[in-house]
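Engineer: Just need the whole structure built from these sequences, with the hints factored in.
The lines below spell out each chain.
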Amino acid sequence: AQTVTQSQPEMSVQEAETVTLSCTYDTSENNYYLFWYKQPPSRQMILVIRQEAYKQQNATENRFSVNFQKAAKSFSLKISDSQLGDTAMYFCAFTALNRDDKIIFGKGTRLHILP
Amino acid sequence: GAVVSQHPSWVICKSGTSVKIECRSLDFQATTMFWYRQFPKQSLMLMATSNEGSKATYEQGVEKDKFLINHASLTLSTLTVTSAHPEDSSFYICSAIRDTNTEAFFGQGTRLTVV
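Protein sequences, first through last, are from chains A and B. Position one of the first sequence corresponds to residue 20 (the working numbering), numbered consecutively onward. Position one of the second sequence corresponds to residue 7 (the working numbering), numbered consecutively onward.
Treat each hint with caution, since some may be false.
Stated by the list, open to error - Chain A is faced by these chain B residues, among others (derived, beta-carbon under 8 Å): (1) Thr38; (2) Leu50; (3) Leu52; (4) Phe97; (5) Ile99; (6) Ile103; (7) Glu109; (8) Ala110; (9) Gln114; (10) Gly115.
The hints are simulated quantities; they were obtained by calculation from the structure and are not laboratory data. Quantities reported herein were computed from a predicted structural model and do not represent experimental measurements. The beta-carbon is built from N, C-alpha and C at its ideal position, and this holds for glycine as well.
Structural biologist: Here it is, written out as structure tokens:
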């Protein structure tokens with residue numbers, strides 16, 4: 020069974036700073052996707068970034084980038100130049116490239132961006 | 007991006023009654039839809055996977071007779087909470103995927119309160 024672990028329940032950083040959210044996962048699958056989702060106070064789930072396991076290059080989306088270490092099963096999210104609108108719950112998630120397409124979520128990290 | 011609409015956004019019902027939540031993919035055909043439950047300040051817990059025209063696959067510990075899922079078309083899945091009790095009060099979220107192993111799009115969620 021796949022598991023996703025986020026070891027930081029809550030974090031706070033000053034606006035404009037850089038913050039890194041940690042995520043580790045466990046799987047016996049070889050082909051899979053990893054995701055970071057953001058859930059702001061509205062509770063709408065928003066995809067932040069996606070990484071295909073077969074790609075060595077780390078995914079980047081504007082201020083958001085990941086550090087994907089496949090051998091270590093680590094998938095951290097870096098937010099650069101943090102903004103007040105980045106305040107949200109962040110969930111690391113995993114899905115295996117098989118038939119069931121289930122997404123398994125970590126417990127989440129509550130991120131506060133302080134003015 | 008693709009849009010998933012969930013209705014209602016919030017509902018209050020009396021104990022013992024049933025309530026139906028709809029999940030619609032507005033601009034794409036969803037091969038698979040998922041239903042999640044989220045307790046306050048916690049992660050998303052997968053309840054079931056639903057494919058059009060077939061029976062839903064429930065996760066371990068989820069009561070099939072309590073949470074009825076119908077996936078009548080490629081754009082609509084419904085979750086009916088039968089004989090609701092206060093402990094069923096929660097935030098329910100659906101997601102839909104267009105093809106296998108692609109991005110999941112989330113509805114805005116439904117807050118259910120059973121009184």
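Engineer: So, for every hint listed, does it hold in this structure?
Structural biologist: Against the structure, the hints come out as follows:
The interface hint given for Thr38/B holds, since its Cβ lies 6 Å from the closest Cβ of chain A, which is under the 8 Å cut-off. Hint status for Leu50/B relative to chain A: holds, with the closest Cβ pair at about 5 Å, below 8 Å. At its closest, the beta carbon of Leu52/B sits 6 Å from a beta carbon of chain A; the interface hint therefore holds under the 8 Å criterion. Annotation: interface hint on Phe97/B holds; nearest CB of chain A at approximately 7 Å, less than 8 Å.
Because the closest C-beta pair between Ile99/B and chain A is about 7 Å apart, less than 8 Å, the hint holds. Nearest Cβ of chain A to the Cβ of Ile103/B: about 6 Å, under the 8 Å cut. The hint holds. Interface restraint check: Glu109/B against chain A, minimum CB-CB distance 6 Å, threshold 8 Å, status holds. Using the Cβ-Cβ criterion of 8 Å, the hint placing Ala110/B at the interface with chain A is satisfied: the shortest such distance is roughly 6 Å.
A hinted interface residue such as Gln114/B counts as satisfied when its beta carbon comes closer than 8 Å to some beta carbon of chain A; here the least separation is about 5 Å, so the hint holds. Nearest Cβ of chain A to the Cβ of Gly115/B: about 5 Å, under the 8 Å cut. The hint holds.
The structure is consistent with each of the numbered hints, conforming to all of them.
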